[in-house]
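Visitor: Now for the letters of each chain:
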Amino acid sequence: MLGLGAAGVVAGSPVAHGIADALDSLSAGTESGLAGLVPGGDYFQLYTVTNGFPAPPPNYRLQVTGLVRRPLSLSVADLEAMAPTALVKPFQCVTGWRVPNVHWEGVRLADILDSAGVAEGGKALLFRSFDGVYTESLTLAQARLPDVIVAYRMLGGPISRAHGGPVRLYVAPMYGYKSLKWLSEISVVERVYPGYWEQRGYAVNAWVGRSNDDVGTPIS
Amino acid sequence: MRSTLGWGGATTTSARPFPSSREHGDRLVRFDGVERAAHWATAALFLTLVVTGAALYVPPLVALVGRRALIVRVHVDAGLALPVPLLLSVAGPWGKALRADLRRLNRWSNDDRRWLSLALRRLPRSHLRVGKFNAGQKLNAAFSLGVMGVMLMTGSIMRWFYFWPLSWRSGATFVHDLVAYIFVAAVAAHIYMALTHPGALRSIFAGWVSRAWAERHAKAWLEELETAARQDEARPAR
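Protein sequence lines correspond, in order, to chains A and B. Quick note, the first sequence lines up with residues 1 to 220 if you use the numbering used here. Quick note, the second sequence lines up with residues 1001 to 1238 if you use the numbering used here.
If you're looking for bench data, these hints aren't it; they were derived computationally from the structure. Take the hints with a grain of salt, since some may be wrong.
[Said to hold, decoys possible] Partial chain A-side listing against chain B, Cβ under 8 Å, derived:
(1) L2
(2) V10
(3) N51
(4) V94
(5) S187
(6) R200
Ideal placement from N, C-alpha and C gives every residue a C-beta, glycine not left out.
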């Protein structure tokens, strides 16, 4: 029994992908709520660290604050007016589950930083969620990677409340916990302030890779 | 020496060779206090694991409950504690009855094999000599222990994921989710069997079964008890 379990751990990943493919052909790509409960399917598991999925504030604005030359207050329409970037990339959770080929759309974080203008002494970013609890961090260099975006669309539509809408972060080269949901504020700060899970032992530099530490190679 | 498989009331272990009073005479101790405590502590932990596991996994419940860090902590702690009641119960001199039952559960007679093949075909099997536990109960015990080991292993990989390659984490998640479904179904079947067999069900609450129950469901065990009681009687009193 234990042997079977161990075999499942080592070989379970391809089996899980096989099940995902089978489910895909069954449900013809539609997002069925029940299919998400089948072990091994390519479906998002929806995480929240507060009591439920927070409702967006009535007049949503993304604040860009801290060590910037021009603090910004951006509506979803403001973001949509900026140069769009579309990515089709996986969402990889650090605990193992993975959703391949997710469609993302938004603005490069680098573009937002450029329009705000990073002031002297700005070294890192602190992200806040309007759930009031969750935070994340990136260095400026990480934030300027081309596949790090402030997303306002995913999975072919506006970002749903469960997925962190109206606006969330998507950090393609890093584990899912970096892709903060319900984004409300980006602060330019003088050093890295570890985020919610990072204060609970997760790696601050969350490159998707073999060992999940500073020297891991980003894959995408 | 006193008979540990003693006759008598639910809690007394006094060696009473044959029923001397109507009130207690019919009662055979099936599970002692340690075994019942181990069963219910394990059941409470299992229930905690199912509830918290669902709150981490089923989207509407995730939305309702949230508080992921707290729920993960309760789930992991309950999971690590799951084998503790059983281990504590077999560890000392108080675990004699449980150890004897584990040996029984681990031993398969030819009648057990026949019982299982007849049960699978839904054929009558009252002519077979079944001991304290039938083949279904033996399978359930072995399967439950195996599941406990697998869930502990895969859950540990999910909790302390940094030490394992990403594909192992995916495999562990897959196995953990799949086995959770299978085991919840197995426990549902266990509860169904208990509810439809009140004589057996009472023994996990009160500890005893009736002599009539033993004659019907555990003939070989009853003979074993009677033999032990006769030997006990033949010995000089101390």
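Visitor: Output the numbers, in ascending order, of every earlier hint that fails for this structure.
Guide: 5
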